[in-house]
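Protein sequence lines correspond, in order, to chains A, B and C.
Take the first sequence: its letters are residues 1 to 100, numbered as in my numbering.
Take the second sequence: its letters are residues 101 to 580, numbered as in my numbering.
Take the third sequence: its letters are residues 581 to 1064, numbered as in my numbering.
Just the calculated beta-carbon pair ranges, DEER-fashion:
{"#": "1", "chain 1": "B", "residue 1": "D257", "chain 2": "C", "residue 2": "D928", "range": "45 to 53 Å"}
{"#": "2", "chain 1": "A", "residue 1": "R21", "chain 2": "B", "residue 2": "A307", "range": "44 to 52 Å"}
{"#": "3", "chain 1": "A", "residue 1": "E43", "chain 2": "B", "residue 2": "E339", "range": "52 to 60 Å"}
{"#": "4", "chain 1": "A", "residue 1": "A6", "chain 2": "B", "residue 2": "G213", "range": "53 to 61 Å"}
It should be emphasised that the hints constitute simulated quantities derived from the structure, not laboratory data.
Glycine included, C-beta positions come from ideal geometry on N, C-alpha and C.
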Amino acid sequence: MKIDDALIESVLRLARLDLPRGEFEKYKAHLQQILDYVEVLGELDLEGVAPMSCAASSPAVLRADAEAESAAREDVLANAPARAGAFFKVPRILDQTEGS
Amino acid sequence: MSGWEMVVGVEVHVQLKTRTKMFCACANRFGAPPNSLVCPICSGMPGSLPSVNMRAVELGIAAGLALGCAIAEKTSFDRKNYFYPDMPKGYQITQYDRPLASRGRFRFPLEGGFMEAGITRAHLEEDSGKNVHDAAARGSFVDLNRAGVPLVEIVTDPDFRTPGQVSAYLAALKQLLQYIGVSDCNMEQGSLRCEPNVSIRRAGEKALGTKTEIKNVNSFKSVEKALRCEFERQRRILESGGRVIQETLLWNDAESATEPMRGKEEARDYRYFPEPDLPPLEIPGEWVERTLASMPERPEARRARLIRSFGLKEYDAALLTASREFADFFESCAALFGNVRRLSSLFMVDLLAVLDEEKTSLAGSRLNPAAVAGLLSLEEEGEINKNQVKEILAELVRAGGDPAEIARRRGMAQVRDQGEIGSVVARIVAENPESVADYREFRENMAVGLLIGRIIRAMGGGANPQAARALLEKELKSRT
Amino acid sequence: MSGSLLTAVKAAELISRGDLKAVDYVSGFLDEALSRDSGIGAFLTIDREAALEAAAETDRAAAQGRARGRLCGVPVAVKDNICCRGLPATCGSRILKDFVPFYDACAVRRIRDEGGIVLGKTNMDEFAMGSSTENSALGVTRNPRDPSRVPGGSSGGSAAAVAAGMAPLALGSETGGSVRQPASLCGLVGLKPTYGRVSRYGLVAYASSLDQIGTFSACVEDNALIAGVISGRDPMDSTSSPAPVPDYMSGLEDSVAGMRLGIPREYVPEGLDAEVRRSFDRAVEVLEGLGAETAEVSLPHTKYVISAYYVIATAEASSNLARYDGVRYGLRREASDVASMLTSTRMDGFGAEVKRRIILGTFVLSSGYYDAYYTRALKARALIRRDFEDCFDRDGFDALLTPTSPVAAFRFGEKADDPLEMYLCDVFTAAVNLAGITALSVPSFPAGGSGGLPLGLQVIGGAFREPEVLRIGRAFEKAMGGRA
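I would like the entire structure built from these sequences, with the hints used as guidance.
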């Protein structure tokens, strides 16, 4: 498939990424090259093949509902780029559509 | 409604009543200091991995069974990818392709009868943290205590046609989930949240219109209001020849209006894919049977049993079983006090009123079944009257204690000491020769009524009327 | 004394008896690192003081006869995407440049529990994305065998540390060959364990369904030692296997006579580099000489491996790397609103290859393309796994033999401008990750004869067949004149 600028732009928005000025074309060319390469998957007859989405060999073992001590708050917050007291601090949230 | 019909489906998120979070061993607890119930897993630290809480799965199975759903033999988790500051991993672990429970039916009381709604699915997922907006700081503060709290999301078919049906469904769902111990369903604390989706169509039409989803409805009352508003909004659009666009709206309770969210909704693409960190879960049939067998009695079964075993009226039984807490308490009291008719009237009249006046709940009160039984026994023995019962009940709710002791302290306990009453009787009779004369002249009732009143007043209301009357008549007879 | 003359197995034994001072053993490697690493660039962090303190504590314990552990006093270099409490875990990325975890990875904890000592953190391709370590945002790592060439990647720092004698053992991580390929290029033994054999807890995720911690050593015996230590069920990783871990050390010296070894013809294609082919053919002859039976086999879906691998790995990566948002840790570029902060943080924090893979991964998961790319790749993956199952389970082969890498160590910049050419470095290794099975790379005949660049022989085994691949590797190593 042929990728166009609009597609890359929408993917960048979804991924919260931006590209350095002037490098858009280079990324586009690389992506096109890789997508062309993976087209080979299209020739496989996959009728009736179940997708392999988990590599684990056994089903999940569940955890008992037993409480363990949480981390020390200072440890949790130690790496924060910005904090306000015991909170992580972020700039204003303008876009509401992303919230759950 | 003016030739238009609303079609509503409801998504409800319920926080599960587990000790720990969905995927880590941090406590699942409301109201702790910010970021104090957090670990590498629920704060999305690099290298951390989820592990599934067995109890959460069990509660999910219980919810599914209670809603008449089929429980999946194999269920799996997926990632829902989107960015938000309170979503530590940049994705939410949820269930997309293979939900834990699906295809159920739920029957609930509606306007004296019943209604049945289809349950599309019930699946497990994790809650997000909380953003506290701070206008002064021009930013937000993030608290991750809630991040990773287990949720079950219950999705109905688009079966509702009126706001009343929706709120009746929500009330019944809440009652059910509380009963079977799945959730506290506390809307103020956010442990039950609902998002209705609404479309409208001409009455009689089969095809569905374009639907909108309403978020931020925080009480049953606002659900009905929001649905009415959204119905009107869509009707105005359609009647003026416009088209409803599929979008998510926010309910503004203060303005009583739905409003569009800020941002680019069309950019929303959650890119669900199977969670590679969690192998699929196998749910053995035996586990489902065990959950079913150990499931607490559901509301309708309990109602029927109370009617059967105590001879209660349908209305009374419904009121007494409105919450599991209330019904449990009632039954504990009934085991200690045999007059169930009196007990139920105490519950439905006095207890509800007292709890309401004291602005508390049974759990928040100091009342216990032994105190209730003791209180009603005092009344039965004639020690206190109905008004005093209510007065003592209020104190028991507020502060607890022994009802007999309270009655005594408040001077309610009636004096039964024959000697003490006898001397007062003798004094009053001596002070009221005209009444003695009345008695002698066969105006007995008048005389006795007057004297009894004076005796009781003289004893500060503390005399047992029966005892006083017996002594008085003996005294009067001795003077004839 | 120079530690590198001893195996780690022997060193641990001597140290626990008090016959060798852990302080001396550890200092030997630290001194080597301090004098040589400026020219190699294997380490991002050297935890000198803590390592010496731990060694001194080991010696005190040994003096009282209570020194314990299979790794007693043995230092281990750890790839920088594996968390060690209190040490930076940058993952070779600007976005995590200052990130210091307050928890140990399960594998690291197990190493410490067995008396091992963390020596420092090693350089890597950013978030393990690459095959040369050139994608690190934090510096260059050179191949100790020829400093004008790359060490391979993505675990290039760990490989270089062991190859240069700066550590006896190292942890790396595997997603598509990131331990075996640098082991091959640096002349080391590198093991990729079965998926689920080693807990991933504390390994910073690149592609969760493919990632697995692997091990570097100079000899097979040492690899068996450390691989045994870090293996086993961990309740913190739901994908870790409950299967018991056999003793990798026992049976290591057993003969390979009568073992059935398959040679997949797709791994010795027409255009294969002549040196790689010659080295491989001779390696096969050596094993035949030891009594192993060899036969040509086919893995018919091999041509789809790289495509399936890149679709799946980038899809998972796009989601795994979403947590780097400047809120809780790592780099943040300030902005007036959250969305702008996020975008500029991620734009500045991630390097070109990481961005490329996030874009590709986001694309293959996006609505409208999901089935054509992602679902197809997952189905192709099932077929690739079935190819291996056919060889092991149906046809009864004990292991498969292939070259580890299609090329020897290449020069800096040689493949850096062509992402696809770099991706093809994984062509012989990635299938093992897709199938979730195990494989070992063991030093084989060098390119161009003795003194030439190292090349590895890859021994692929079925799931949980680590004892077999280690035994084959050990027999080969012995026959090649390695440590007896």
